[in-house]
Amino acid sequence: MAKQRIKLIKQLCKGCGYCIEFCPNNVFEKSEEITERGVTPPRIKNPDKCTLCGLCTRLCPDFALIIEEDEGDG
Amino acid sequence: MTEEMKHPLSDYLRMDRLPHIWCAGCGLGIILHSYVEAIQELSMDLDKIVTVSGIGCAGRASGYVNTDAFHTTHGRALPFATGISISRPDLKTVVISGDGDLFAIGGNHLIHAARRNVDMLVICSNNFNYGMTGAQYGPTTPLNTRTPTSPYGSIENPFNLVALVASSGATMVSRWTVYHVYHLKNAIKKGLQKKGFSFIEVISPCTTGFGRLNKQTPIEMMRQLRDNTKIMKVHPMEATIDPSTEIIIGDFVDVRKPTYGEILRELEAKAR
Ligand SMILES: Cc1ncc(C[n+]2csc(CCOP(=O)(O)OP(=O)(O)O)c2C)c(N)n1
Ligand code: SF4
Ligand SMILES: [Mg+2]
Numbered sequence: 178m179a180k181q182r183i184k185l186i187k188q189l190c191k192g193c194g195y196c197i198e199f200c201p202n203n204v205f206e207k208s209e210e211i212t213e214r215g216v217t218p219p220r221i222k223n224p225d226k227c228t229l230c231g232l233c234t235r236l237c238p239d240f241a242l243i244i245e246e247d248e249g250d251g
Numbered sequence: 008m009t010e011e012m013k014h015p016l017s018d019y020l021r022m023d024r025l026p027h028i029w030c031a032g033c034g035l036g037i038i039l040h041s042y043v044e045a046i047q048e049l050s051m052d053l054d055k056i057v058t059v060s061g062i063g064c065a066g067r068a069s070g071y072v073n074t075d076a077f078h079t080t081h082g083r084a085l086p087f088a089t090g091i092s093i094s095r096p097d098l099k100t101v102v103i104s105g106d107g108d109l110f111a112i113g114g115n116h117l118i119h120a121a122r123r124n125v126d127m128l129v130i131c132s133n134n135f136n137y138g139m140t141g142a143q144y145g146p147t148t149p150l151n152t153r154t155p156t157s158p159y160g161s162i163e164n165p166f167n168l169v170a171l172v173a174s175s176g177a178t179m180v181s182r183w184t185v186y187h188v189y190h191l192k193n194a195i196k197k198g199l200q201k202k203g204f205s206f207i208e209v210i211s212p213c214t215t216g217f218g219r220l221n222k223q224t225p226i227e228m229m230r231q232l233r234d235n236t237k238i239m240k241v242h243p244m245e246a247t248i249d250p251s252t253e254i255i256i257g258d259f260v261d262v263r264k265p266t267y268g269e270i271l272r273e274l275e276a277k278a279r
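Quick note, the sequences are listed as chains A and B, same order.
Quick note, the first sequence lines up with residues 178 to 251 if you use my numbering.
Quick note, the second sequence lines up with residues 8 to 279 if you use my numbering.
Derived by calculation from the structure, the hints in this document are not laboratory data.
Incorrect hints may have been included.
[As the list claims (entries may be wrong)] Looking from chain B toward chain A, a few residues come up when the C-beta cut is under 8 Å (computed):
id, residue
1, 26
2, 28
3, 29
4, 31
5, 32
6, 34
7, 37
8, 40
9, 229
10, 232
We put the CB at the ideal spot given by N, CA and C, even for glycine.
Model the full structure from these sequences, guided by the hints.
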């Protein structure tokens, strides 16, 4: 079975920070980036700590976090 | 969304309309997510669901789903939904709308649809104000809350929505928050399968209106939904709600009564 990982769809993110605040495994952190929409998206700092529980995908009000198959491209 | 990437919910959402209009941290996106995920987990046929909404930020929900959808006029989601429910009992009628739309201008429609036990699921986003028009106070605004139309604090007593709807005759009544995503999704799944008037109040932060005026960040508002809620199995009259201290949440009512449509069709058969 292919490995899965959490993925951020940056164009959908509005930078509310719920993923950073509520992930039980501290997978996200604030980034320094400002997107062309003026949003500061989170950064996935601890991908190895992610248990794929999916809480962030459901608490994200913007459908910006998904669990996808890991193609192994980093 | 432009990318060719497959979103896990792309069959259920109109991906071309995303990002949606809701503000950063607004709970409405979480309600929409719970709704479409509930449909997905039940493997329901999208052509057998009609999503109806009124006007307001919450009312925009019907525009993002891949079910049949009807964005109606302010306060009138329930009359439209009643017509759909009675004439097309083969479809599941779902209303997603705001506290103002459903309980201020639309309040009479709500209590009478519940009284008649019209078969439909009503998901009410309660953000304690009229978000879309600038966070004015309404019939759910807690006492003493500052809004642009109550600068010294609201002097009105708010409705307790679950108590009101239950006493009007609803056969399923729940209250959850957008922090309680799993409970919320399960309640929606139950409501989608239920026959009869089903009502789910979802406490949802209006981050730019209510939040900013009351000096709360979106994350503080979500923490409050986590910390100030208590899950209880109580009579809806006892399901008190005071956002700054305690909100009782849970599934409060689940009974079966003949629906308006069932009684009507029985009568039609008899009268023929
Ligand atoms: C007949 C009529 N009266 C007033 C309005 C203005 N109006 C638009 S949305 C709204 C209130 C929406 O509040 P709510 O249903 O709580 O939705 P929210 O924006 O908070 O999600 C009002 C009063 C209108 N569009 N039509
Ligand atoms: S005004 Fe309030 S309810 Fe409307 S989208 Fe913004 S946060 Fe949500
Ligand atoms: Mg509202």
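(message) Taking the earlier hints as the rules, which of them does this structure contradict?
(response) Of the numbered hints given earlier, those the structure breaks are 2, 10, listed in rising order.
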